[in-house]
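**Student:** Since chain A is already given, all that's left is putting chain B on it; use the hints.
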Amino acid sequence: MMKFASCAAAALVLCAGVGSAQSELNGCTSAIADGDETNIYFSNGIRTDSDEANVTVQYLRGIYKQSLEGSFEGETYSFYSAPNPTIGTYSDIVEVLNQKLEEAGIADEGLSALQLLELLRAGLSAEEIRRAISLAVGISTRVPPVITELFLEEAEIEMSQAQAAAIANIGSVEGLHANYYVSDLQAGKRVFVIAHSQGNLFANASLSAAATSLPTAADSLGMIGVATPAAQQFASSFYRTADDDRVIQALSLIETVLPANIDNVPMDDFRSISNHLFERDYMDARLPSRDAIDAELVRLAGSVPFPALDAGEGAIRATLTWDEQPDVDLHAFEPNGAHVFYSSRIGPSGFLDVDDTTSFGPENYFVECDTIELGVYTIGVNYYSGLAPSTATVSLFLGDGRTPTPRTVTLPTALGSAGNNSPQILFTIGVALQDEIVRYTVE
Amino acid sequence: MRYLFAACMPFFLVVACSDGGSDDPAQPIGNMAPQAAFTSPTTADERSSFNASAGGSSDPDGMIVSYSWSIVNTDQIDITLQGEDTENLSISVGEIQNSADIQIMLSVTDDLGESASASSVVSINEVDAQLLPPMPNEQDSLATVAGIDTDGDGVRDDVERSILGLYPLNTPRREVLLIGASAIQMQVMAGNDGDQAESDAASERSADFAACALSSGSVETVRQDLAALKLFTLNTDARRQAYLDYEASRAGTIQRAVDPSLVDCTFEF
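Protein sequence lines correspond, in order, to chains A and B. Sequential numbering of the first sequence, starting at 58, is according to the working numbering. Sequential numbering of the second sequence, starting at 709, is according to the working numbering.
For reference, chain B alone in the conformation it holds in the complex:
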């Protein structure tokens, strides 16, 4: 459209740029192109929302009558748009596994059908891996029963990393698995320490995990998650023995099934 108007001389505009046969003498003899401009952040994190505003767009001889937003999402990350035909675009970013760029495209059209466009790149940051402690080296990680828990959240650093690898795009599930991982770590330490009170507390934590996990997953997926957690956690002979000692301590006890509505299923990480 910009090309057509640029080609039109004012003199001929009434005829050459008419809308198909009208001979209305009031038809403008010229139209200046609108200007597309928008503001948006240049970076955003996963699981965040931000806006792009086309308020800076203008039309020197008329008005903007329509907006059209789109994105170029080469890496196909989880992006949801709202207001694609309004002045303000809302962009929600879902879970991503790796940082990526998206390109936001805006096209505006004025009251005489002339259009203009603008674009801008936004870098979307993967944040979960950055929030975790670094993966410890294998020798250090396997050296003790307790292992390395740099951030002190009750889950070994290597296990946290493994859980992120298992569910890179599912934070709620990862939180549930972290509860399970903390339960197994408590069990290992209870078995290692031979402490019955620790064993009782670890069993309660295991029940919390069961309640949280079954609130958001089937019994089959929960069993699979549990197996993965044991694979990650019980990865030395000493840890396996400590876990078996914990198991032995549970014989003859009972453990209630808890009300899921009373359990805090979030995990700070």
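Chain A with its partners taken away, still in its complex shape:
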């Protein structure tokens, strides 16, 4: 970790080092590792919402964290979901289920296609679904008799086809998480992305954008693709697609996709009808795909280099990125009254350790855990130089592990140094003692 100041800096500073008890004194409950760090992201597929992505990434943490940290001494592995906007694209699938409900004469009986989709992708049996429906308010008693195993099987097959069509219709995707990956790289962390289904398209875009943004650290990015619908993976990285994956099979009829490369049929086929689900059809410990994925993750962990440490982090970290306009500046106001920005980069509490004047950013401000102060920190931006409106985004990382949604602002005109004293505020962070524990609030 970078160290810029001693703990005796100011009376208000919450002088505390590392350790769980001390972490309560500075809010850094999400320990900043002393050794090398790797962030592993899960990029979810088309039929997975953010709640399910959270379950999956927790599941991956359970499988891999301890074993990786045991195998690679001194290293820390953290796990994040990186949700994609799948809801919009799976409206076609929902429509398929709507039609099924209409055909069965229960379209207006209280069970929506969206609810049915949730039940189907959870792998519930017809009996289990009927029981759950009987407990829900507002669903007609006419519904349960219609939900049979045959009904579910037909729905699954039609959904697989609709899912393939929906993926084919996605077109280009944005690298929505590139800013996070770049932020990690600058903090000296490797980034591995495990992507499933449509999540491969988003992961490819995000990793490519991150590599372009920070080419010197591009080789610290890694990817594992599962059931990929892509024609090409980021940096020709590893992937596994089962040769009987119904969704990718259907997609291959209408789009160019990478070929299937694993025979995943187990002795006793317990997989879903689609053979496309992440946990059940690829990650089950009885499947060859799981062995291959495990081996690749270990290979990545053992071979991918760690990037250079360019940006600090701690109790508070704010990172600014923007577009091709030459210069947008990051400003921070600390509880002690200090104004930290490009011409006054070291404050009593925090530091502007990365500055950029040549487009895109990033700029980075951070407060170490042992120099956090009680009070209010504000983070803002000033459009310094450029000829057209500029769009700037600030990502915030807190020592308690939270990563509030990045905030984006369009700045109409460059203000030069005249704007230094009145930057547009994007985050207001309160640091307060509650029950003798320091907690952060974000406005």
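Simulated from the structure, these hints should not be mistaken for laboratory data. Think of the CB as a built atom: it goes at the ideal place given N, C-alpha and C, for glycine as much as any other residue. Be aware that one or more of the hints could be misleading.
Taking CB as the label site, the calculated pair distances span [stated by the list, open to error]:
{"id": "1", "chain 1": "A", "residue 1": "Arg-356", "chain 2": "B", "residue 2": "Val-835", "range": "50 to 60 Å"}
{"id": "2", "chain 1": "A", "residue 1": "Pro-469", "chain 2": "B", "residue 2": "Ser-926", "range": "45 to 55 Å"}
{"id": "3", "chain 1": "A", "residue 1": "Glu-185", "chain 2": "B", "residue 2": "Gln-743", "range": "31 to 41 Å"}
{"id": "4", "chain 1": "A", "residue 1": "Thr-414", "chain 2": "B", "residue 2": "Thr-858", "range": "51 to 61 Å"}
{"id": "5", "chain 1": "B", "residue 1": "Ser-969", "chain 2": "A", "residue 2": "Leu-207", "range": "36 to 46 Å"}
{"id": "6", "chain 1": "A", "residue 1": "Leu-366", "chain 2": "B", "residue 2": "Ala-851", "range": "49 to 59 Å"}
{"id": "7", "chain 1": "A", "residue 1": "Asp-165", "chain 2": "B", "residue 2": "Asp-848", "range": "18 to 28 Å"}
{"id": "8", "chain 1": "B", "residue 1": "Ser-923", "chain 2": "A", "residue 2": "Leu-207", "range": "33 to 43 Å"}
{"id": "9", "chain 1": "A", "residue 1": "Phe-327", "chain 2": "B", "residue 2": "Ala-851", "range": "57 to 67 Å"}
**Tutor:** Coordinates of chain B only, in the frame set by chain A:
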């Protein structure tokens, strides 16, 4: 045994009630029956433990040498006994779906083999349903996006009732589902309000649910629980739309997987 002793006249006791051929002249010529008596509560709640004590049992001309406890458990509720052959019986009641009665039976035997018995009924109360707010009427329940949460615990009353119906005999699982239900309710309200800070908080709560749920269940059961929660929670068009709006707000964000040991997986209800 009581019948045999009652039939024996004292005069003949040495021979007629002997233990099979002994001619010991010191053998007592009569034995009075012991008296079986015990104390126990008359009611108990599910998930509680209580004792039955046979300390009130006695033998007028000797001593009690053995105790034997049993229960009549017609409804086959979850009951665990400890100390069935001691003076004090410990009874642990597990989860029950409906209130039920059990009958506690005690048999005592004195030093000459004479026995006596006693019994008592204990009513076991189902308490979970009583702790919950009543099921709101359907019209009121569906009228607003927020719904009705009488006890203010962050989970709609109808959803709490549905969760109890799903897991009537598994309080720890129900607690985990209530965490999940509170997360989805927060998501619905965040989507309805269009508030990003609420959305972030709801996502954190969802991560807590994932950590708690996977600590005590497989990924398959957690997915099924999640689907059931969405079935219960997203039961109007307005709630579904609010949830979809929340989902849209998560695109491009990240959410950490939390350390389960740092999450409070209990739910006050």
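**Student:** Looking back at the hints listed earlier, which ones does the structure fail to meet?
**Tutor:** 3 and 9
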